[in-house]
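As given, the protein sequences belong to chains A and B, one line each in that order. Following this note's numbering, the numbering of the first sequence begins with 1 at its first residue and continues without gaps. Following this note's numbering, the numbering of the second sequence begins with 1 at its first residue and continues without gaps.
What the hints contain is simulated information worked out from the structure, not anything from laboratory work. Source: prediction; values computed, not measured. It is possible that some hints are incorrect.
From the derived model, a few chain A residues whose C-beta atoms are all more than 12 angstroms from chain B [as the list claims (entries may be wrong)]:
1. Ala99
2. Tyr198
3. Ser272
Straight-line alpha carbon distances no greater than 20 angstroms define the calculated SDA-like cross-link-like pairs of lysine to any residue that follow [what the hints assert, rightly or not]:
4. B:Lys171 x B:Thr103
5. B:Lys171 x B:Asp82
6. A:Lys163 x A:Leu135
7. B:Lys171 x A:Ala178
8. B:Lys171 x A:Gln181
9. B:Lys171 x A:Gly358
10. B:Lys171 x A:Gly402
11. A:Lys163 x A:Thr214
12. B:Lys171 x A:Gly180
13. B:Lys171 x B:Ile160
14. A:Lys163 x A:Gly180
15. B:Lys171 x B:Val86
16. B:Lys171 x A:Arg179
17. B:Lys171 x A:Gly401
18. B:Lys171 x B:Arg76
19. B:Lys171 x A:Pro400
20. A:Lys163 x A:Ala65
21. B:Lys171 x B:Val73
22. B:Lys171 x B:Asp85
23. B:Lys171 x B:Asp161
24. B:Lys171 x A:Met380
25. B:Lys171 x B:Pro92
26. B:Lys171 x B:Ala91
27. A:Lys163 x A:Leu434
28. A:Lys163 x A:Asp410
29. B:Lys171 x A:Val182
30. A:Lys163 x A:Arg74
31. A:Lys163 x A:Met380
32. A:Lys163 x A:Glu348
Each residue gets a CB set at the ideal place from its N, CA and C atoms; glycine is no exception.
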Amino acid sequence: MTRTLPLFRMLMLGLLAASGAALTAVPASAQIEINVNRADVQPLPVAIPAFGGQQGAEIADVISANLQRSGLFRPLDPAGFIERDLSANVQPRFPDWRAINAQALVNGQVTVEGGRLRVDFRLWDVFRGEQLLGLQFTSSPENWRRVAHKISDAVYERLTGEKGYFDTRVVFVAESGARGQVTKRLAIMDQDGANPSYITSGDTLVMTPRFSPTSQEITYMSLRPDSATVYLFNLESGRRESLGSFQGMAFAPRFSPDGGRVAFSVERGGNSDIFVMNLSSRSSTRLTSDPGIDTSASFSPDGARIAFNSDRSGSPQIYVMGADGSGQRRVSSGGGSYTTPVWSPTGEFIAFTKQTGGQFHIGVMRPDGTDERLLTTSYMDEGPTWAPNGRVLMFSRETPGGAPRLWTVDVTGRILQPVPYPGAGSDPAWSPLLN
Amino acid sequence: MVVRFTGSTALRLALVATAVASLAACQSKPKPTYPTEAPAPTAPTAPPAAPGPVTGQPTAPIPGSAQDFIVNVGDRVYFDTDRHDVRADAAPILDAQAGWLRTYGSVRVRIEGNADERGTREYNLALGARRANAIRDYLVNRGVSSDRISTISFGKEQPIDTGTGEEAWQKNRNGRTSIVSGAR
């Protein structure tokens, strides 16, 4: 059963209609507008009282924070709750929740038995007075945050009809030290900034980590004074291996959607071209061979096409080609320069970084270059990565003279906020949903 | 014979200044004086002052050293925004680099291409590589063997000026010729 709340469904339809109208109203090469408050979407009021049992309050807090950050929900202040003796196994007193205008209610109970954590939760439609979802998750107690993320995903999916993205991680480059002497470490954290851990020590410059869509593996680039190398790194085994030596710099790696190939750039004699390596046979094929810079390859979700960055026309622009290098054609057409194309997991958009007149933007366009929309503007925004459901982008933002920070923006450009990770970071890459 | 000043005004002024200085030196030259008798003994005086300090400094860098290259030739040249062609102001420095490298034939260098912060990471890596190779090609054309030169790009990762604004960005758009081995 995938029926969504009637009111919420209306809200989502309104959002889609609004974005549809805006999309058709903006021709590809016309003046680009930044639509921040384009759709007057009211987030859904939801009540998430503390779950019963050990760490029940913390779990409810993580769920609230996730749903709030999505911009589609408005968790209500628990101080206003009327029903206080809520139990996971008794029907809520719906009039008490209607009275505070909650439209949905999430309640639950935590039990620890034999060293295992069990969380039962229910999602209620307050106005219809019926249960929409009832699930139980079991894990080890230290995994309580993941359980909270899984509940968030279940609620999100049930109410929006789209997959969630909360039980995910982000690999990124943690930065420390003064400008000009920055230490860069590969790091990984939960999507909400919690549980950061550091993969490399910082003695070598590392950049542009990217998640495999199919396994707990990343690919990244390491830069030394005498070499630029692309590595594969398995997050579970800790095993690291080089893609190989290419008689030049190797950089800008990204996995294919099936995880079986890596596209990357090789620079020889000053000219950068795109190659693809089959990871099982270790054979690599050159896909571009023009004298311009060709870099930042990103596969379409069906694996059939590759978006990339090239300045063959004189300025950096976005191009699309077949995954075998065939049919290379430019798709970006606005003023300014375009870099870092990243195909959305739904195939619907290509996200990019755009530079116009002293400002940088994160934007999206259709894969044919139409319907360009800029979602952000600042002194320096760079390097978008998609949440696995294609609704949110994470990127790094730098103020003049400041260290870069990680931010997110939703695909409508309406919800822009910093990631609650306390340190400086760049080059984020979102994982697929965890299993 | 009439001496005609055909040089620049500055030179003329310099000559005049020198003449004036010499004249002044003549006029102020003290007349020598000689003691006529031994001085009468007096009360003990303070010991003679210690001689003025002599400070030592290294002479100019050792010819053929990395320091010689940096100070007397110049290890960095600069580029325009999003460009990698060698500018007119860079050519004399690269000519001097090539001459120096021909003189010291056992020196090996690495050319490091750099970009300013006003670009994205991967594109700037590629741009820095172009700059490094533009310098490499220039040196090879001036007779430096290509097997003595390697290149790398640091993209925007190693700014030499961490400020913001065009002045800092211009400094950070550069190519540095770094001596790897063979210098004295």
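Hint by hint, here is what the structure shows:
Every CB of chain B is more than 12 angstroms from the CB of Ala99 of chain A (nearest about 52 angstroms), matching its label as outside the interface. The Cβ of Tyr198 of chain A sits about 19 angstroms from the closest Cβ of chain B, beyond the 12 angstroms cut-off, so the non-interface label holds. Taking the minimum C-beta to C-beta distance to chain B, about 4 angstroms, the non-interface status of Ser272 of chain A is violated against the 12 angstroms cut. Taking the CA atoms of Lys171 of chain B and Thr103 of chain B, the gap is near 28 angstroms; set against the 20 angstroms cutoff, the hint is violated.
For the suggested pair Lys171 of chain B and Asp82 of chain B, the alpha carbons sit about 13 angstroms apart, so the restraint of at most 20 angstroms is met. A threshold of 20 angstroms between alpha carbons decides the hint, and for Lys163 of chain A with Leu135 of chain A the separation of about 16 angstroms falls inside it, so the pair holds. Only pairs whose Cα atoms come within 20 angstroms are accepted, and Lys171 of chain B paired with Ala178 of chain A is accepted, the gap being roughly 18 angstroms. At roughly 16 angstroms between alpha-carbon atoms, Lys171 of chain B and Gln181 of chain A fall within 20 angstroms of each other, so this suggested pair holds.
At most 20 angstroms may separate the alpha-carbon atoms for a hinted pair to count; Lys171 of chain B and Gly358 of chain A meet this at roughly 18 angstroms. Restraint check for Lys171 of chain B and Gly402 of chain A: satisfied, since their Cα atoms lie roughly 19 angstroms apart, inside the 20 angstroms limit. For the hint pairing Lys163 of chain A with Thr214 of chain A, the CA-to-CA distance comes to about 17 angstroms; that is within 20 angstroms, so the pair holds. Between Lys171 of chain B and Gly180 of chain A the alpha-carbon distance is near 13 angstroms, which keeps this suggested pair within the 20 angstroms criterion.
Using a Cα cut-off of 20 angstroms, the hinted pair Lys171 of chain B and Ile160 of chain B holds, with the two alpha carbons roughly 7 angstroms apart. This hinted pair does not check out: Lys163 of chain A and Gly180 of chain A have alpha carbons roughly 41 angstroms apart, beyond 20 angstroms. Proximity of Lys171 of chain B to Val86 of chain B is assessed by CA-CA distance (about 15 angstroms); at most 20 angstroms being required, the pair is judged to hold. Only pairs whose Cα atoms come within 20 angstroms are accepted, and Lys171 of chain B paired with Arg179 of chain A is accepted, the gap being roughly 15 angstroms.
For the proposed pair Lys171 of chain B and Gly401 of chain A, the alpha carbon gap of about 15 angstroms is at most 20 angstroms, so the pair holds. Restraint check for Lys171 of chain B and Arg76 of chain B: satisfied, since their Cα atoms lie roughly 10 angstroms apart, inside the 20 angstroms limit. Using a Cα cut-off of 20 angstroms, the hinted pair Lys171 of chain B and Pro400 of chain A holds, with the two alpha carbons roughly 16 angstroms apart. Distance restraint check for Lys163 of chain A and Ala65 of chain A: the Cα-Cα separation of roughly 17 angstroms lies within the 20 angstroms cut-off, and the hinted pair is therefore satisfied.
Only pairs whose Cα atoms come within 20 angstroms are accepted, and Lys171 of chain B paired with Val73 of chain B is accepted, the gap being roughly 18 angstroms. This hinted pair checks out: Lys171 of chain B and Asp85 of chain B have alpha carbons roughly 16 angstroms apart, not beyond 20 angstroms. Of the pairs offered as hints, the one joining Lys171 of chain B and Asp161 of chain B holds, with about 7 angstroms between alpha carbons and a cut-off of 20 angstroms not exceeded. A threshold of 20 angstroms between alpha carbons decides the hint, and for Lys171 of chain B with Met380 of chain A the separation of about 19 angstroms falls inside it, so the pair holds.
In summary, the hint linking Lys171 of chain B to Pro92 of chain B is supported, as the alpha carbons are separated by about 18 angstroms, within the 20 angstroms threshold. For the hint pairing Lys171 of chain B with Ala91 of chain B, the CA-to-CA distance comes to about 17 angstroms; that is within 20 angstroms, so the pair holds. For the hint pairing Lys163 of chain A with Leu434 of chain A, the CA-to-CA distance comes to about 12 angstroms; that is within 20 angstroms, so the pair holds. Simply put, Lys163 of chain A and Asp410 of chain A have alpha-carbon atoms about 15 angstroms apart, close enough for the 20 angstroms limit, and the pair holds.
For the suggested pair Lys171 of chain B and Val182 of chain A, the alpha carbons sit about 18 angstroms apart, so the restraint of at most 20 angstroms is met. A threshold of 20 angstroms between alpha carbons decides the hint, and for Lys163 of chain A with Arg74 of chain A the separation of about 19 angstroms falls inside it, so the pair holds. At most 20 angstroms may separate the alpha-carbon atoms for a hinted pair to count; Lys163 of chain A and Met380 of chain A exceed this at roughly 31 angstroms. This hinted pair checks out: Lys163 of chain A and Glu348 of chain A have alpha carbons roughly 15 angstroms apart, not beyond 20 angstroms.
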